[in-house]
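Chemist: Listed below, chain by chain, are the residues.
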Amino acid sequence: MDLLPTIWFILIAVLWLGYLFLEGFDLGVGMLLKGFSRDEKERRVLLNTIGPVWDGNEVWLLTAGGATFAAFPMWYASLFSALYLPLTLALLALILRAVAIEYRGKGHTEAWRNGWTWCLAGGSALAAFCVGAMLALTTTGLPLNENGDNIGGAFAWVNIYAIIGGLGVVGFCLLHGLLFISLKTDGEVRFRARALAAKLAPVFLLPLVAWVIIVQFMHGGLIGWGLIVVAAVLAVVMWLQIRKDAEKSAFFAQALFLAVGVTAVFLAIYPKVLPSTVDDAFSLTVSNASSSGYTLTVMLIVAIVFVPIVLAYQIWSYSVFAKRLKTEHIPPAHQVPVAIRSHHQ
Amino acid sequence: MDPVLIGRWQFGITTVYHFWMVPLTLGLGLLVAILQTMYHRTGNEMWLRATKFWGKLYLINFIMGVATGIVQEFQFGMAWSEYSRFVGDVFGAPLAMEALIAFFLESTFLGLWIFGWGRLNRKVHLGVLWAAVIGSWISAYFIIVANSWMQHPVGVEIIDGRPQMVDVGAVLMNNTAWAAYTHTLAGSVAVGGAFLLGIAWYHLWRRRVDGIDTIDEKTGKVIVGSAPEVPGRDEKDHTVWYKSLRIGAWAAVIAFVFVAITGDIQAKLMYEQQPMKMASAEGACHDGHEFSVLTIGNLASNQCDDVTPVIEIPGLLSFLANGDFDTEVPGVNTLIPEYQEKYGTTLPEGEMYGAYSGQEVDYQPLMIVTYWGFRLMIGFGVLGAAAAVYALIVTRKGTVPRSKFLSRLALWGIAAPFIANSAGWVFTEMGRQPFVVAPNPDPSGVDGVFLYTAAAISPSVSAAEMLFSLIALTLIYGVLMVFELKLIMVYSRGGVVSAMPEIDRANYKPTVDKSDDDVLSFAY
Chain A
1 MDLLPTIWFI LIAVLWLGYL FLEGFDLGVG MLLKGFSRDE KERRVLLNTI
51 GPVWDGNEVW LLTAGGATFA AFPMWYASLF SALYLPLTLA LLALILRAVA
101 IEYRGKGHTE AWRNGWTWCL AGGSALAAFC VGAMLALTTT GLPLNENGDN
151 IGGAFAWVNI YAIIGGLGVV GFCLLHGLLF ISLKTDGEVR FRARALAAKL
201 APVFLLPLVA WVIIVQFMHG GLIGWGLIVV AAVLAVVMWL QIRKDAEKSA
251 FFAQALFLAV GVTAVFLAIY PKVLPSTVDD AFSLTVSNAS SSGYTLTVML
301 IVAIVFVPIV LAYQIWSYSV FAKRLKTEHI PPAHQVPVAI RSHHQ
Chain B
1 MDPVLIGRWQ FGITTVYHFW MVPLTLGLGL LVAILQTMYH RTGNEMWLRA
51 TKFWGKLYLI NFIMGVATGI VQEFQFGMAW SEYSRFVGDV FGAPLAMEAL
101 IAFFLESTFL GLWIFGWGRL NRKVHLGVLW AAVIGSWISA YFIIVANSWM
151 QHPVGVEIID GRPQMVDVGA VLMNNTAWAA YTHTLAGSVA VGGAFLLGIA
201 WYHLWRRRVD GIDTIDEKTG KVIVGSAPEV PGRDEKDHTV WYKSLRIGAW
251 AAVIAFVFVA ITGDIQAKLM YEQQPMKMAS AEGACHDGHE FSVLTIGNLA
301 SNQCDDVTPV IEIPGLLSFL ANGDFDTEVP GVNTLIPEYQ EKYGTTLPEG
351 EMYGAYSGQE VDYQPLMIVT YWGFRLMIGF GVLGAAAAVY ALIVTRKGTV
401 PRSKFLSRLA LWGIAAPFIA NSAGWVFTEM GRQPFVVAPN PDPSGVDGVF
451 LYTAAAISPS VSAAEMLFSL IALTLIYGVL MVFELKLIMV YSRGGVVSAM
501 PEIDRANYKP TVDKSDDDVL SFAY
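Here the protein sequences line up with chains A and B, keeping their order.
full-length UniProt numbering applies: residue 1 is where the first sequence begins, and numbers increase by one.
full-length UniProt numbering applies: residue 1 is where the second sequence begins, and numbers increase by one.
Hint data in this document are derived by calculation from the structure and do not stem from the laboratory.
Treat the numbers as computed from the prediction; the structure is a model and nothing was measured.
Some hints could be false.
Claimed, not checked - Computed list of chain B residues with no C-beta within reach of chain A, every gap over 12 Å:
no.: 1; residue: N61
no.: 2; residue: W80
no.: 3; residue: R432
no.: 4; residue: G494
no.: 5; residue: L520
As the list claims (entries may be wrong) - Rough simulated footprint, nothing fancy, chain B against chain A, three-plus residues with beta-carbon under 8 Å:
no.: 6; stretch: 102-116
no.: 7; stretch: 208-217
Note that the Cβ used here is the ideal one computed from N, Cα and C, for glycine as well.
Generate coordinates for the entire structure from the input sequences, incorporating the hints supplied.
Modeler: In structure tokens:
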């Protein structure tokens, strides 16, 4: 009888997977604008690798949020209200980052560009951290009462799991961003991204792997441990591939690693969606947090029809912008004139 | 500190702000798509220039709508968790549909449009813009379906104390939703039209003041000139602005007709579904059929006996509410006892009501807001439409008058439909109080489905947390508004060249390096 909620649990996991896989490199590239890129041309190359696609990628987050609201309103309400402060920070970060992408190139002073670069890099890092903390906490639990309300106060979310999960997603995004850059650019930037990924891959993935293993210890079973072994093998394959300069297979292995890792986490906590650390009886599960069968059925039909369509046109958009970018492709910055005669005499 | 009040301020500020960007996105998006379609059909470069110029302003505004829209998706759960739990079964569905059906379409195809110049073939490139614009129009539909369910709950049954969706068709075809949706879209096209009108007027005026365009004294017709030393100020430039002005003004006028028709439908639904909102829009204590043009007294006291209508139009209120001239529209004094009898005189006792538990319910919305919100909406809407009609008449000989005052007025006039839009939303949302989900006496609403705003807030979120987010969001929104306006002004002043550096042939160097075949035609 829990078939429909279970299907929706899987769909929500798929949405989060899509989000981490797609916006993962957007956030990574955003962070890499500070520290990695060496000059303005390089920063613009990086920004333009994600330019046409970042907004479509971010919709995966909105869809994950909206689908959670529709399919598991109790999960949505408890999680989002318990994480009021970190989600406020995530929103501020996402707002600044989005505006920075569009506005950065539209001003021509050093201060303007630099300010927006900071918004992009800082906003990407903060958003990645907060999303990671949220995902970690929904698997490790929050102090919820019988109504599903957080009784631990405004800072109940500050714990070691949130930090590990937050760093896990930040690290993953950084590595994912480097792999993406090595795949989407050419010239010096490409080689530097590849070299850095090859050097630091295990460091970047360490906190994420730690989170997956912690969740296994808390809730997992035999299959979960099997999946973790598979994920670990895939991570090693990814590392070996990028060390051999095989960018495509490294990126592919990274994608599979993420898919298996996310599966392991969601499988481990099932049928819970948000454990209560106060009393296990207060934990939210796929059955007590879900919408009615009617709503789940309606939404399932909508998802079955539209998810494939979305995937099809998003894949098409990636194919349109498949070409590698070089600094030589970036047009010079354009100073906006003032169309008034006296200014030109 | 009262978390409900802070939460309401936050929702109000973030939503009204978001809805400054959205109508421009909806309206200007449609107009840019029409301009590019004209380019595609005629091949005339003038249309390309118009598409690129208005498209640039569209994008500067679009991103702010995207950025502030994320907040909307999250803050139901963050600040209004009891609301989310109560309505989740029916309210989450349109939000999820909006993301899945509309947001993906809009964002993916807009990315293709921005970067697709010269890369996609012309027909496909036009198609992706239409897809993006249609995506934004669909998103408006779903969010208004969600909002209209709060105004007029349909398609549900109360099971275990919560509304459960039993008829998704009823939710999607909610008459309140279709009236509000068409009203909102028409209002958005008016915003887009006024935007074209104001900025195009400025450029035509600039060309006259700069001595580029002159008037033939005998015929009164315009003699179009050019100023080679000003980038982009050639003869074609005149047509770009003139066509933009005419299209904008026509769009605003036509939109206004639809605004009036759909607004009338909405008023009649409101009379059936939320009579208290109608009564407080009038500041009317007693039953009657006069529409108040001016009411004096202390509206702010919210005591309807403190106010006196001084100018009234007999029969107009009845016409707005019921299409005739003698229906007695119930006043606040008639309605309050009815509401008290149906829904009680005090809020229920219980934890979810917090400090409001057991308090007496004031069923009357804030009259000063509803009365003036209603009139500002209508007033600025009419003003904008009248200005657009005037613009059509006065510019029919090919350019605008040389009056600085009129050119300033045209620019400031851009604000009129924005104010009308905001006022309308503030009116309809505040007019629903003290309910977040309004009970409907009308048989088409589902009996017993309602929720007090006081019961909707997140119990676990403190007033201090709410205050922090309210201040942080308001500050950031304020700063970003300055940047958006600054960019819109800089790019507007620059004229077409600001979006098309290549037409400034003297100063434009197309490529820096010929080693590769294609430099991006657009890059961030």
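Chemist: Now, for every hint given, state plainly whether the structure supports it.
Modeler: Hints, verified against the model:
1. N61: Its Cβ does come within 12 Å of chain A, the nearest being 10 Å, so this is violated.
2. W80: violated, 8 Å
3. R432: Holds, because the least Cβ-Cβ distance between R432 of chain B and chain A comes to about 21 Å, which exceeds 12 Å.
4. G494: violated, 4 Å
5. L520: violated, 5 Å
6. 102-116: Coverage by chain B holds for the stretch 102-116 of chain A (6 residues, Cβ < 8 Å).
7. 208-217: Violated - the stretch 208-217 of chain A has 0 residues with a Cβ nearer than 8 Å to chain B, which falls short of three.
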